[in-house]
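K.L.:
Please model the complete structure; the sequences and the hints are all you need to start from.
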Amino acid sequence: MNKKKITISILALSALMLNGCSTVKPWERDLLAKPQMALDSDPLKTAFDDHIYFSKEASSGGRGFGGGGCGCN
Amino acid sequence: MQLINKKLSFSASLALATSTLLGANTQVNAEEGWQADSAVLIYNENNGRVSAIEPAVNLRRTYEDESSINLRVVYDALTGASPNGAASASVAQTFTSASGSAAQTANAQAMTSSSGGTSRQVTPSPNVNTIVTHSYDDDEGEGHSTTYTIAPGDTPLDPSFEDSRTTVSLGWTKPLEDNYTVNLGGSYSTEGDFTSFSVNGAVAKDFNQKSTTLSAGLNLEFDTVTPNGGLPDPLTSYATHNTIGESDSKNVVDTIIGLTQVINRRWITQFNISLSQSSGHHSDPYKILTVADQGNLITDPENAGNYLYLFESRPDSRQKLSLYWQNKFAIMNNNVLDLSYRYMTDDWGVNSHTVDATFHWQLSDSFYLEPHARYYEQTAADFYTPFLSLGDDVVINSGAITALVDYASSDPRLGAFSANTYGLKMGFPLSDTRELSLSVETYQQQDKNIRKEVAAGSHLDGQSQFAELSANWVQLGYSVRW
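Chains A and B, in that order, are what the protein sequence lines are. Whatever position you read off the first sequence (first residue = 1), add 511 for the working numbering. Whatever position you read off the second sequence (first residue = 1), add 794 for the working numbering.
None of these hints come from the bench; they were simulated from the model. Check the hints yourself; a few may be wrong.
[Unchecked claim] A few chain B residues that face chain A, going by a derived Cβ cut-off under 8 Å, partial list only: (1) Asn994; (2) Ala1010; (3) Asn1045; (4) Asp1048; (5) Ile1050; (6) Val1056; (7) Ser1068; (8) Tyr1118; (9) Lys1122; (10) Asn1128; (11) Arg1136; (12) Met1138; (13) Ser1233; (14) Trp1267.
[Unchecked claim] Listed next, the stretches of chain A that the computed footprint assigns to chain B, with coverage defined by at least 3 CB atoms under 8 Å from CB atoms of chain B: (15) 534-541; (16) 549-555; (17) 567-576.
[To be verified] Cut-off 27 Å, straight-line C-alpha distance, at most; resulting in silico cross-link-like pairs (BS3-like, lysine-lysine): (18) Lys536/A - Lys999/B; (19) Lys1219/B - Lys1246/B; (20) Lys968/B - Lys536/A; (21) Lys1004/B - Lys536/A; (22) Lys999/B - Lys968/B; (23) Lys567/A - Lys1246/B; (24) Lys1242/B - Lys567/A; (25) Lys1219/B - Lys567/A.
Ideal Cβ placement from N, Cα and C applies to all residues, glycine included.
P.N.:
Given below as structure tokens:
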């Protein structure tokens, strides 16, 4: 896939996302504040799973830095 | 007071966007104090392949100014069998692990020992049809080789796969003025034949009353591989086992840019772009490829009585680009849908798509369920091939083996496949500060490679060209705050 096209699409998407939303006031953040709404609500499980996928598939990273620290791939 | 706490907690969840980029931090708790997360993973692959047990502890201390330090220690013990890269064939095949220089033979019954060594037969754990002989070289006191024979029709698995790995990671996060947050970290990992050291840093800035967070991170990784038996010379005879040195290195530079946006009261989204550039040694020193003539195994011209296998060869650099998009939707008061998608492309020809969905279903204050599904698919690397063909990829002239290709690997991780994961986590919050959890996951790959044609009736005719992996794992977790 054309990397330039991807970059343009991302920028366009980012701009849309930023424009399309109004600021959510602090007192409206009751749901967002719940631990299950954290982007990574179980970091040890995420780390275990990512490590398994890193050692069995050709892809890694995305959410954070890609795997590494292992001679398994 | 309630509102203040929630506000704090929310700014913490945005700070998590940064720490997620760093990949080394655990759940943020903005309240001053300690948090300990512990877990143990028990991982098993079907058909007697790899088993692992992996305990992990994560300690976090959060200070009054919302800064925190984080320490993580993970230990990983692996045993079992791993595909050595040779093709399944209709005849028995005998191999000697790279650590040894023992004579080997294509005769299925032969069990040889290295010179001057003692030999013992062990119960073949990975495959009932595999005959395994461990040979210990008493003269050197160091070399130890494993000769194993694979029965006709079985996937060649090296049964001597055994390693343990310890990883220690440290991280530090601090909120600064003007809605900036910085994060610094480092990690050290060591195992029998591999060490890795990395340092990372990230900076994040909140905008729009903390509805938007932009972050950027950099990770530098330095790896050293010291294979048992030395570094094999790529695309040369496995039985001859020429080496080009004792160890080699690989350096990786990862950069990531992320945007986290609160869309509304129920929806938070994150978008990351990451670029990874690695240079140095990428070949797997234990992986080999069969050389076949019209689908028939051939004799190694340098080692009479052996079939010909060559050590694999990968490019000395790799560039990967990943796009990652995650969404969390609050449904009713306590349930959450987590949906993410990742696209990855690299200059080895691998393109992959990953879709992941988790539903947090809060059934009561003291019990929740999280069903999970993941779909993954990847194309094969350009140099992936299940075996090499005499004439096209390799030629033999006057007993000399010459590879016509620069790179080749039959590592199934570089082949084309799709994979499904299904899982379920059960969470038991015991109090406001303690939680126990248990999760189970099952993983199944499906072959998507184009089958390489072989002559009818040859050794490779009708044989599997890709070993689909299936695995299961269980994780037990316990977290406490004080």
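K.L.:
Each hint: holds or not?
P.N.:
Hints, verified against the model:
1. Asn994: holds (7 Å)
2. Ala1010: violated (12 Å)
3. Asn1045: violated (11 Å)
4. Asp1048: Holds, about 5 Å.
5. Ile1050: holds (7 Å)
6. Val1056: holds (5 Å)
7. Ser1068: holds (5 Å)
8. Tyr1118: holds (3 Å)
9. Lys1122: Constraint on lysine 1122/B satisfied, holds at 5 Å.
10. Asn1128: holds (7 Å)
11. Arg1136: Holds, because the Cβ-Cβ distance from arginine 1136/B to chain A comes to roughly 4 Å (cut-off 8 Å).
12. Met1138: holds (4 Å)
13. Ser1233: Holds - the Cβ of serine 1233/B comes within 8 Å of chain A, reaching about 6 Å at its closest.
14. Trp1267: holds (7 Å)
15. 534-541: That given contact holds, which follows from 8 residues of the stretch 534-541 of chain A lying within Cβ reach (below 8 Å) of chain B.
16. 549-555: This one holds; 7 residues, not fewer than the three required, reach chain B with a Cβ under 8 Å.
17. 567-576: holds (count 10)
18. Lys536/A - Lys999/B: holds (18 Å)
19. Lys1219/B - Lys1246/B: Violated: lysine 1219/B and lysine 1246/B sit about 41 Å apart, past 27 Å.
20. Lys968/B - Lys536/A: The hint holds at about 24 Å.
21. Lys1004/B - Lys536/A: Holds. Lysine 1004/B to lysine 536/A sits at ~9 Å (cutoff 27 Å).
22. Lys999/B - Lys968/B: Given that 27 Å is the threshold and the Cα spacing comes to 12 Å, the pair holds.
23. Lys567/A - Lys1246/B: Satisfied, since the Cα-Cα distance of roughly 22 Å is no more than 27 Å.
24. Lys1242/B - Lys567/A: With a Cα-Cα distance of about 15 Å, the restraint between lysine 1242/B and lysine 567/A holds, given a limit of 27 Å.
25. Lys1219/B - Lys567/A: holds (22 Å)
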